[in-house]
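Student: If you read the protein sequences in the order shown, they are chains A and B.
Going by our numbering, the first residue of the first sequence is number 2, and it counts up by one from there.
Going by our numbering, the first residue of the second sequence is number 2, and it counts up by one from there.
No wet-lab data here; the hints were simulated from the structure.
It cannot be assumed that every hint is accurate.
[What the hints assert, rightly or not] In silico lysine to aspartate or glutamate, EDC-like type, Cα no more than 16 Å apart, as pairs:
#1 Lys654(A) with Glu668(A)
#2 Lys490(A) with Asp657(B)
#3 Lys665(A) with Asp798(B)
#4 Lys667(B) with Glu668(A)
Note that the structure is a prediction, hence the values are computed from the model and not measured.
2 protein chains.
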Amino acid sequence: MTQWVYAFSEGKADGRAHMANLLGGKGANLAEMCALNLPVPPGFTITTDVCRHYYAHEKQFPTDLTEQVDRNIKALEALMGCRFGDAYNPLLVSVRSGAASSMPGMLDTVLNLGLNDQTVQGLARVSQNRVFALDSYRRFIQMFGNVVLDMGHDDFEDILQWHKDNKGAIYDTDLDENDWQGVIRDYKAKVHEITKEPFPQDSQDQLWRAIRAVFNSWENQRARVYRQIHNISPHLGTAVNIQVMVFGNRGQDCATGVAFTRNPSTGTKAIFGEYLINAQGEDVVAGIRTPLSLSKATSEEPETSMEATMPTVYNQLLSVSHTLEQHFKDMQDIEFTVQNQKLWMLQTRNGKRTAAASLKIAVDMVAEGLITKEEAVLRVTPESLDQLLHPTLDPKAKKTFLAKGLPASPGAACGSIVFTADEAEARTRKGDAVILVRAETSPEDIHGMHAARGILTSKGGMTSHAAVVARGMGKPCVSGASSVRIDAKKKTMTVAGQTFGEGDFITLDGATGEVFAGKVPTVDPNISGDFQAFMTWADGFRTLRVLTNAETPVDAQTARDFGAEGIGLCRTEHMFFAEDRLRLVREMILADNAQERVRPLQALQAMQRDDFVTILKTMAGYPVMIRLLDPPLHEFMHLHDHELADLAKHVGKSVDAVRSRLDKLKESNPMLGHRGCRLGISYPDIYEMQVRAIFQAQHIATQAIGTAAQPQIMLPLIANRAEMTLLTTMIHGVAAECFQALGQDLPYVVGTMIELPRACLVADELAESADFFSFGSNDLTQTTYGLSRDDAGSFLDAYYSQGLLSHDPFVTLDQQGVGALITMAIERGRATKPTLKVGICGEHGGDPASIHFCHQQGMDYVSCSPYRVPIARLAAAQVALKTPKALRKVN
Amino acid sequence: MTQWVYAFSEGKADGRAHMANLLGGKGANLAEMCALNLPVPPGFTITTDVCRHYYAHEKQFPTDLTEQVDRNIKALEALMGCRFGDAYNPLLVSVRSGAASSMPGMLDTVLNLGLNDQTVQGLARVSQNRVFALDSYRRFIQMFGNVVLDMGHDDFEDILQWHKDNKGAIYDTDLDENDWQGVIRDYKAKVHEITKEPFPQDSQDQLWRAIRAVFNSWENQRARVYRQIHNISPHLGTAVNIQVMVFGNRGQDCATGVAFTRNPSTGTKAIFGEYLINAQGEDVVAGIRTPLSLSKATSEEPETSMEATMPTVYNQLLSVSHTLEQHFKDMQDIEFTVQNQKLWMLQTRNGKRTAAASLKIAVDMVAEGLITKEEAVLRVTPESLDQLLHPTLDPKAKKTFLAKGLPASPGAACGSIVFTADEAEARTRKGDAVILVRAETSPEDIHGMHAARGILTSKGGMTSHAAVVARGMGKPCVSGASSVRIDAKKKTMTVAGQTFGEGDFITLDGATGEVFAGKVPTVDPNISGDFQAFMTWADGFRTLRVLTNAETPVDAQTARDFGAEGIGLCRTEHMFFAEDRLRLVREMILADNAQERVRPLQALQAMQRDDFVTILKTMAGYPVMIRLLDPPLHEFMHLHDHELADLAKHVGKSVDAVRSRLDKLKESNPMLGHRGCRLGISYPDIYEMQVRAIFQAQHIATQAIGTAAQPQIMLPLIANRAEMTLLTTMIHGVAAECFQALGQDLPYVVGTMIELPRACLVADELAESADFFSFGSNDLTQTTYGLSRDDAGSFLDAYYSQGLLSHDPFVTLDQQGVGALITMAIERGRATKPTLKVGICGEHGGDPASIHFCHQQGMDYVSCSPYRVPIARLAAAQVALKTPKALRKVN
């Protein structure tokens with residue numbers, strides 16, 4: 002016989018905390034508290050098996066469930082000396098849902114079940130408190146009406162308010178016996194009116210309808226949407242918890258409250274919570290009366306605190322709180338009721354907390370000997386570290402919401418609007434704080450993005466140019482705010498019916514994607530000493546190296562400060578966009594032949610060399626993986642008409658000739674066009690220039706820092722062996738020539754980006770001449786999925802809303818598709834060259850779930866933008882701790 | 002001991018025809034002819050093993066080679082009764098290279114080797130013909146100088162011409178003994194001047210230098226380039242053939258000639274060739290004297306024909322010709338020399354021929370009992386059929402070359418230039434023949450492409466829009482002619498320094514990619530009855546079904562006429578571009594919500610239904626695979642400013658609103674954007690409309706044709722299971738609803754395009770709800786390779802010229818990359834659903850090499866443009882005949 006029902010009462014319980022899948026989180030922890038001898042109202046849990054059975058059998062319960070529930074009700078009757086439905090001494094119960102993980106949107110709670118027109122009299126007699134009994138009854142009708150009969154909140158609140166107004170009462174507690182009788186009468190009439198049936202009087206009927214309502218709520222619209230968003234299986238199901246009622250509303254020595262065992266905002270070790278005297282649980286939430294603080298220390302009126310009003314119970318609560326923390330080894334979020342000075346525990350669970358609190362609690366608990374460093378490292382959500390590294394909006398500030406875009410780069414920023422990168426730079430130079438507002442950004446806007454406090458775009462997704470660059474800079478960015486209409490010519494932005502011009506202030510919250518009107522105050526990040534200690538523990542556990550994607554000395558230094566162990570992706574073309582270089586780059590592009598390219602290439606070579614020297618010095622002792630020119634040349638040729646004339650004059654060609662060259666550079670699908678190593682094949686002199694600059698810089702940096710600089714040359718967009726062979730041969734040739742000129746051989750390696758499906762398929766051949774593979778997972782996702790990350794924003798919403806995609810594949814690696822190709826490429830590459838180094842340098846390199854995958858595939862490193870380095874370090878540590886060594890594919 | 006040298010002489014030979022890899026094609030066939038007792042000058046072949054040894058050992062010969070060559074020379078001396086280098090009765094030899102397959106660009110022939118200042122006297126004595134001897138000597142010096150000493154052609158021709166002018170001679174034969182002595186003296190002086198050495202007098206030295214020169218020529222620049230282009234392994238190597246000299250220049254009863262055993266242009270069964278009396282082989286090629294026809298029938302002056310001048314030898318030649326055809330069972334290309342009325346065979350090989358000849362010869366030889374139908378089917382190159390289906394340029398016409406682009410769609414066309422599709426249509430209506438000239442074409446140009454005789458574009462590759470559509474229409478197209486500058490505004494085209502305007506005539510050769518000025522006469526195709534018979538044989542052998550890509554009734558009918566067994570790809574969007582529909586499509590696109598889309602969708606539904614009815618009727622009894630809307634919506638929105646205003650008025654929106662919507666539709670990489678099934682997810686009503694139109698049409702067509710129409714609904718750009726499930730569920734839902742309304746259930750199946758790498762990786766999941774897979778190999782190549790077919794033209798040239806790519810991957814399937822994904826997808830798909838039907842509908846479906854691959858992977862069908870259907874049928878037959886059944890993966 003299947004056990005459908007698990008009982009618990011003080012000191013003993015059928016279940017335990019680890020049985021959350023069967024008993025739900027609430028039920029499992031109630032059982033655990035009972036087993037700990039903590040004061041828990043006795044009761045029982047109907048398991049999630051019943052829920053699954055219910056849905057598998059057209060909403061029929063298992064045949065033997067009734068008998069098991071009856072038996073447990075009888076046991077409660079025996080324990081409490083009262084009877085369910087008994088008019089003289091009625092047993093009353095609460096019915097609560099409880100899934101394995103808490104799920105907003107589901108039916109929550111029905112209290113006081115068992116009351117009817119008769120039993121309410123018995124309750125009045127037994128409690129010798131008629132007002133309490135009537136109040137409990139009307140609460141029951143109200144809750145049962147809301148959650149079981151599907152009636153509206155206002156159906157009841159309007160009646161209650163009418164009675165209070167009629168009486169001139171402010172609080173519910175101001176109503177007397179007669180008032181409550183009137184309320185109950187009117188409530189019942191309303192139920193009859195809406196449901197066309199009288200309010201159910203039979204306790205068994207009440208109980209089973211409540212149980213059925215809980216199970217039905219598992220599949221209601223809100224619950225389904227929530228599960229879809231949070232990737233929760235619909236097969237988990239919910240449990241139902243039935244407990245003997247304890248009453249916080251039975252008099253002035255009664256109360257109800259909620260508490261965190263430590264401060265969930267700061268992590269400070271002291272109980273933190275609220276309570277209400279003479280109230281039931283929902284009153285705390287309802288906000289009719291203002292709840293009071295538990296402790297004197299956190300109270301504005303210490304004499305109202307529970308510590309002052311109920312010192313004994315308060316101390317008992319502290320003791321329970323301590324027991325729970327010692328037992329669960331984590332900060333607890335608890336609910337309790339005090340009935341006639343006796344404390345009853347209604348719920349405990351691990352408490353939600355801010356990143357700062359999470360970190361402090363983890364570090365403190367290690368100091369207290371409660372948990373190990375390993376456990377501490379596993380406690381903090383890597384993503385949450387982001388909160389610690391950026392300013393945030395002052396939570397107390399008033400805000401005027403304008404629009405919601407994508408949370409493209411975290412942090413809060415406030416400034417006056419500018420519409421061009423040049424204006425951003427100009428105003429910043431004058432000392433203004435500005436927000437750069439663009440339909441989308443391009444590489445030419447980089448200087449403006451650097452200057453601005455934050456970036457807002459109306460187009461583009463989480464991995465659009467704006468988003469990627471902003472994250473790299475650690476700068477707040479809201480992208481793809483499609484309700485914002487930008488008129489770049491008129492320099493206006495229209496949103497939410499308002500038009501903003503240059504100079505008007507807005508505020509961005511890059512962590513939520515929200516845009517607000519005017520200036521909203523922000524709070525600076527506060528990285529405590531705990532942060533450093535904690536990260537050092539994490540570093541001790543991880544096996545993946547964490548590198549960074551950086552090309553400016555500032556970014557490189559930021560990344561070093563955040564713990565990066567080298568550069569995994571230095572995009573040399575970013576160095577081409579500075580004003581003094583852009584002209585040279587354009588001259589090079591407009592050259593009709595290699596001869597004409599000589600002059601600009603020589604000038605660029607000196608500049609690139611100097612860039613590389615700085616970066617190699619910053620990363621002294623660490624590898625610096627330098628990717629040769631990647632983007633299509635037209636990215637350097639966004640020109641206004643007057644610039645075009647200037648340029649034509651500068652290069653000594655006709656405007657028509659320049660325009661014709663620009664036309665030829667245009668591409669239908671630049672992502673799949675003349676870029677990456679294809680440039681190096683068409684214009685070998687450009688790649689040769691870059692390689693020469695690298696070796697010259699290596700020579701200079703090595704002499705300057707006294708230790709060998711470690712450049713690693715990386716070829717982008719390789720698709721076949723012939724490209725790889727040709728270009729590595731070229732690099733080795735240039736190396737030989739440079740080393741001869743320098744009179745010194747320098748160490749270097751050559752590798753390839755793996756960013757095309759074909760490269761994965763022929764990885765065995767590529768590994769013949771590659772020393773390392775760096776997965777360019779952004780482009781690999783674009784090609785594998787046939788999905789342009791710049792364009793996907795416009796249609797992926799339909800995918801999310803219909804549940805066709807659970808994650809943005811540009812944020813979290815698509816393991817089934819892209820991941821399968823990565824796995825294949827690593828296997829094939831290492832089959833050819835077992836010493837092959839493998840890493841990832843796409844956006845996924847900073848995403849914890851993707852890092853998890855990278856670790857399991859046996860990669861050597863991940864590389865991410867500077868501000869995600871700490872996140873990656875922690876994620877790498879966690880996966881190393883979680884993954885049995887046997888499961889990891891190692892080199 | 003390795004046998005490095007293979008001897009042959011009349012009646013016996015060490016080698017045979019099948020040993021071409023070892024002896025080269027020429028040597029193997031000389032041996033075979035000897036074995037057949039045909040008159041071949043005795044000699045021997047130095048094997049390709051020696052060539053490989055030579056390059057593997059720093060150009061050293063095997064040590065025992067000298068001894069083997071010496072022994073064979075001695076054998077020739079004994080046979081001929083003369084001695085190598087003997088001043089009185091010298092042995093003279095020819096030295097010829099001979100690789101396994103003939104390779105232009107390599108050293109070809111040195112004749113008369115063994116002559117020097119002494120032996121020339123002996124030859125004069127023995128032949129009693131001093132002029133002949135001297136002529137032979139000067140020829141030897143000249144050929145040796147050219148091919149062994151690397152001297153220029155003019156170094157000698159200038160001297161010869163001087164002597165002829167001096168004498169007032171027209172022909173070489175006008176020179177006398179003294180003249181020749183002067184020529185020889187001057188030749189030797191020139192050799193000394195250029196090489197700083199006297200002309201070698203030692204016969205052994207001459208021989209070994211000639212042998213070495215042949216081997217060296219294997220690695221000369223031209224040979225290497227040729228091998229690269231034709232995918233010939235450098236390790237094959239060449240052989241060297243050394244034969245006793247026979248002389249066609251020894252008097253008026255001597256001659257030299259070449260012949261085909263049947264007419265290589267028409268296939269007519271009659272010897273076809275030319276000869277020269279008193280000449281050596283190179284004279285025929287050199288064009289100094291005009292060669293004469295062999296037979297009276299083909300001669301303009303029958304009395305000069307060999308049939309008339311040397312009737313006995315001519316009959317002997319006919320007899321040899323017959324023997325060779327009977328033996329080799331194919332038309333032969335032969336070289337011969339007549340020395341004093343005796344015929345000597347110098348070479349035989351299978352003759353090159355036109356497609357028409359190829360077909361006729363194959364069919365005739367079956368009738369003659371020479372070959373089987375299987376052999377006949379294997380004889381004709383599938384690609385060559387293209388020549389039979391299109392007009393070609395009159396080979397005799399004079400042409401003024403302007404430019405060379407890509408041979409995008411075969412056939413020749415001549416017409417006056419137009420620069421817009423509308424103009425093309427207007428002028429064609431007036432009866433003009435026009436050529437549409439565009440930088441590139443878009444789907445909106447289709448009506449103009451239909452109207453034009455041919456299409457010329459300056460951008461785009463072999464698989465650009467223009468190329469694909471033109472091939473589909475069977476219309477000549479030259480694409481990517483990058484030297485053509487088009488100014489669409491001024492309506493001019495500038496090329497080769499000339500500017501052409503509207504109305505000027507040009508001529509295209511789509512088979513070669515050439516563009517000519519003015520009108521060049523063309524020759525119409527002539528599909529004989531042989532074609533039908535031959536194709537019927539082919540159909541008997543193939544197992545792959547051949548379908549077509551078509552959406553217009555005309556194309557569908559053309560394809561049926563060419564033998565298509567259904568439609569493998571009907572691109573419904575092509576039906577959207579007609580003028581009356583485009584307005585509705587735009588109205589649909591500009592709708593703000595589904596409600597606004599109802600009206601245009603209903604109108605479109607009726608039109609689509611009618612389209613489908615016609616096509617289903619045309620393909621009565623065959624499957625018609627209909628792809629739902631695929632291209633991004635902006636493809637329908639190329640609007641001029643005035644059209645925009647009209648449109649805005651029509652749809653009742655402001656111009657700004659329309660413009661803003663157009664802006665939102667723009668994409669960075671449309672190929673990877675909002676298209677394919679993504680449209681069906683965002684706008685389910687569009688797909689529902691199309692599906693409804695299909696079922697309604699099926700109902701109407703089935704009733705009209707009395708047999709079930711077979712629509713197969715195809716979903717484009719599927720990337721994951723969720724898309725597939727959602728959309729198949731939608732289709733089944735619409736089907737149920739339609740069938741209820743129609744009062745009849747109709748048969749249909751639903752399948753998916755496989756055109757993304759991810760689709761291949763999750764093919765097992767897609768097969769759960771797909772009845773068939775159709776590989777969209779164009780897009781699959783684009784994504785797997787990360788290569789935009791519209792943009793690749795600009796940089797792939799550098800790949801071909803550097804040998805990084807041997808084939809255009811959009812023409813011939815990349816088996817290693819894209820093919821590996823296809824193999825994976827078929828395996829995974831059929832693992833889920835063994836009955837899954839699989840085919841290909843990209844451009845590769847009409848490419849013989851790709852069809853080969855498709856057959857081996859166990860596909861059920863290929864689908865290609867109508868004009869490639871015969872090619873596909875023949876290719877499918879050939880691969881079925883060539884592939885052992887065991888090697889084919891079958892369902």
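Student: All the hints need checking, so say for each whether the structure fits it.
Tutor: How the hints compare with the structure:
With a CA separation close to 23 Å, the supplied pair Lys654(A) and Glu668(A) exceeds the 16 Å bound. At roughly 14 Å between alpha-carbon atoms, Lys490(A) and Asp657(B) fall within 16 Å of each other, so this suggested pair holds. Straight-line distance between C-alpha atoms of Lys665(A) and Asp798(B) comes to about 15 Å, which keeps the hinted pair within the 16 Å bound. Pair hint Lys667(B) plus Glu668(A) holds up; C-alpha atoms about 14 Å apart against a cutoff of 16 Å.
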